[in-house]
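A.B. asks: First to last, the sequence lines map onto chains V and P. Residues 1 to 109, numbered by this note's numbering, are exactly what the first sequence covers, in order. Residues 1001 to 1116, numbered by this note's numbering, are exactly what the second sequence covers, in order.
If you're looking for bench data, these hints aren't it; they were derived computationally from the structure. Every value quoted in this text rests on a predicted model; they were computed, and no experiment measured them. Where hints are given, some of them may not hold.
[Unchecked claim] Derived contacts from chain V toward chain P, CB cut-off under 10 Å, selection only:
#, residue
1, Ser-30
2, Leu-35
3, Gln-37
4, Gly-41
5, Ile-43
6, Val-44
7, Ser-45
8, Phe-47
9, Met-48
10, Ser-51
11, Ala-88
12, Ala-94
13, Leu-97
[Stated by the list, open to error] Derived EDC-like pairs (lysine to aspartate or glutamate); straight-line CA-CA distance at most 20 Å:
#, chain 1, residue 1, chain 2, residue 2
14, V, Lys-53, P, Asp-1103
15, V, Lys-1, P, Asp-1057
16, V, Lys-68, V, Glu-5
17, P, Lys-1078, P, Glu-1018
18, P, Lys-1078, P, Asp-1056
19, V, Lys-1, P, Asp-1056
20, V, Lys-55, P, Asp-1103
21, P, Lys-1062, P, Asp-1086
22, V, Lys-54, P, Asp-1103
23, V, Lys-1, P, Glu-1044
24, P, Lys-1062, P, Glu-1018
25, P, Lys-1078, P, Asp-1063
26, V, Lys-101, V, Glu-5
27, P, Lys-1078, P, Asp-1103
28, P, Lys-1011, P, Asp-1086
29, V, Lys-101, P, Glu-1044
30, V, Lys-54, V, Glu-67
31, V, Lys-1, V, Glu-67
32, V, Lys-55, V, Glu-17
33, P, Lys-1011, P, Glu-1083
34, V, Lys-54, V, Asp-81
All residues carry an ideal CB built from backbone N, CA and C; glycine is no exception.
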Amino acid sequence: KNEVEQSPQNLTAQEGEFITINCSYSVGISALHWLQQHPGGGIVSLFMLSSGKKKHGRLIATINIQEKHSSLHITASHPRDSAVYICAVSGGGADGLTFGKGTHLIIQP
Amino acid sequence: DARVTQTPRHKVTEMGQEVTMRCQPILGHNTVFWYRQTMMQGLELLAYFRNRAPLDDSGMPKDRFSAEMPDATLATLKIQPSEPRDSAVYFCASARGGVVGADTQYFGPGTRLTVL
Chain V
1 KNEVEQSPQN LTAQEGEFIT INCSYSVGIS ALHWLQQHPG GGIVSLFMLS
51 SGKKKHGRLI ATINIQEKHS SLHITASHPR DSAVYICAVS GGGADGLTFG
101 KGTHLIIQP
Chain P
1001 DARVTQTPRH KVTEMGQEVT MRCQPILGHN TVFWYRQTMM QGLELLAYFR
1051 NRAPLDDSGM PKDRFSAEMP DATLATLKIQ PSEPRDSAVY FCASARGGVV
1101 GADTQYFGPG TRLTVL
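Construct the complete structure from the given sequences, taking the supplied hints into account.
C.D. replies: In structure tokens, the structure reads:
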């Protein structure tokens, strides 16, 4: 079973700062997902990637398959980015996700 | 705007009662997942289906939980009998799936279950 570790668990930053959240996993995967969950519970998929780098607006996700590591970056952070960011992986011929424990991000004005 | 829908959104029940949660996947999505979220365990996979056939239910307590897809537009998760430790938020997600695996998963709003 894949073990997914995220760091940091909690992160508080000032508006405008560059944010990095890290994710590592123990076993080879077919895809890595970054999810966002706001207070109140809804889960939104931000990225699904299996190699390289993806960018959407101020969000950038990268993955290094050899090192079994991914990062999520937020540029010019804003209070509305405050949420829990969850890393999840699929693999071994199965599409169900194995989740990290999440990073609780607070962006202060 | 296509969305995954789940009913009910909230359910409070007493221990021993049967609970049924329903999910309508996005039209055209052939892969449906059930996940559970608790404070202690976080998010975990319970089961998933492709083209209505169960592919993995290893995360589901078999003695009390059952998951089915009566048709392509409806997935159900049933708990009988319910126990207080089943209190959690249950999420359904759907995706397009094929030979190379499933695409991006779209999550429903969840069913918050409280078992007293």
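A.B. asks: Hints first: check each against the structure and report whether it holds.
C.D. replies: Hints, one by one, checked against the model:
Because the smallest distance between the Cβ of Ser-30/V and any Cβ of chain P comes to about 6 Å, under 10 Å, the interface hint for this residue holds. Interface hint at Leu-35/V: satisfied, since its Cβ lies 8 Å from the closest Cβ of chain P, which is below the 10 Å cut-off. Residue-level restraint check for Gln-37/V holds (minimum Cβ-Cβ distance to chain P is 9 Å; threshold 10 Å). Interface hint at Gly-41/V: satisfied, since its Cβ lies 5 Å from the closest Cβ of chain P, which is below the 10 Å cut-off.
At a threshold of 10 Å, the smallest CB-CB gap from Ile-43/V to chain P is about 4 Å, leaving the interface hint in force. The restraint placing Val-44/V at the interface with chain P holds, with a minimum CB-CB distance near 7 Å, inside the 10 Å limit. Look at Ser-45/V: its Cβ gets to within about 5 Å of chain P, closer than 10 Å, so that hint holds up. For Phe-47/V, the suggested interface contact is upheld, since its CB lies about 9 Å from the closest CB of chain P, less than 10 Å.
Interface restraint check for Met-48/V: the shortest CB-CB distance to chain P comes to about 5 Å, inside 10 Å, so the restraint holds. The closest approach between the C-beta of Ser-51/V and any C-beta of chain P is roughly 14 Å, which is over the 10 Å cut-off, so the hint fails. At its closest, the beta carbon of Ala-88/V sits 8 Å from a beta carbon of chain P; the interface hint therefore holds under the 10 Å criterion. A distance limit of 10 Å between C-beta atoms decides the matter here; for Ala-94/V the minimum to chain P is near 6 Å, and the interface restraint holds.
With a cut of 10 Å, the hint placing Leu-97/V at the interface with chain P holds, because the nearest CB-to-CB distance is about 6 Å. A hinted pair counts as satisfied when its Cα atoms are at most 20 Å apart, and Lys-53/V with Asp-1103/P qualifies at roughly 17 Å. Of the pairs offered as hints, the one joining Lys-1/V and Asp-1057/P holds, with about 15 Å between alpha carbons and a cut-off of 20 Å not exceeded. Pair hint Lys-68/V plus Glu-5/V holds up; C-alpha atoms about 11 Å apart against a cutoff of 20 Å.
Our distance criterion of 20 Å between C-alpha atoms is met by Lys-1078/P and Glu-1018/P, whose separation comes to about 7 Å. Of the supplied pair hints, the one linking Lys-1078/P and Asp-1056/P holds, its CA atoms being roughly 16 Å apart against a limit of 20 Å. Simply put, Lys-1/V and Asp-1056/P have alpha-carbon atoms about 14 Å apart, close enough for the 20 Å limit, and the pair holds. Restraint check: the Cα-Cα separation between Lys-55/V and Asp-1103/P comes to about 17 Å, which is no more than 20 Å; the hinted pair holds.
Taking the CA atoms of Lys-1062/P and Asp-1086/P, the gap is about 13 Å. The hint holds against a cut of 20 Å. For the suggested pair Lys-54/V and Asp-1103/P, the alpha carbons sit about 15 Å apart, so the restraint of at most 20 Å is met. As the CA atoms of Lys-1/V and Glu-1044/P are separated by approximately 12 Å, the hinted pair is consistent with the 20 Å bound. For the hint linking Lys-1062/P to Glu-1018/P, the alpha-carbon distance of about 15 Å falls within 20 Å, and the restraint holds.
Taking the CA atoms of Lys-1078/P and Asp-1063/P, the gap is near 11 Å; set against the 20 Å cutoff, the hint holds. Between the alpha carbons of Lys-101/V and Glu-5/V the distance comes to roughly 7 Å, so the proposed pair stays at or under 20 Å and holds. Under the criterion of a C-alpha separation no larger than 20 Å, the hint pairing Lys-1078/P with Asp-1103/P is inconsistent with the structure, at around 26 Å. A hinted pair counts as satisfied when its Cα atoms are at most 20 Å apart, and Lys-1011/P with Asp-1086/P qualifies at roughly 12 Å.
Between the alpha carbons of Lys-101/V and Glu-1044/P the distance comes to roughly 10 Å, so the proposed pair stays at or under 20 Å and holds. A threshold of 20 Å between alpha carbons decides the hint, and for Lys-54/V with Glu-67/V the separation of about 18 Å falls inside it, so the pair holds. For the proposed pair Lys-1/V and Glu-67/V, the alpha carbon gap of about 18 Å is at most 20 Å, so the pair holds. The hinted pair formed by Lys-55/V and Glu-17/V meets the criterion: a straight-line CA distance of about 18 Å does not exceed 20 Å.
With a C-alpha separation of about 13 Å, the suggested pair Lys-1011/P and Glu-1083/P falls inside the 20 Å cut-off, and the hint holds. For the given pair, Lys-54/V sits about 18 Å from Asp-81/V by alpha-carbon distance, which is consistent with the 20 Å threshold.
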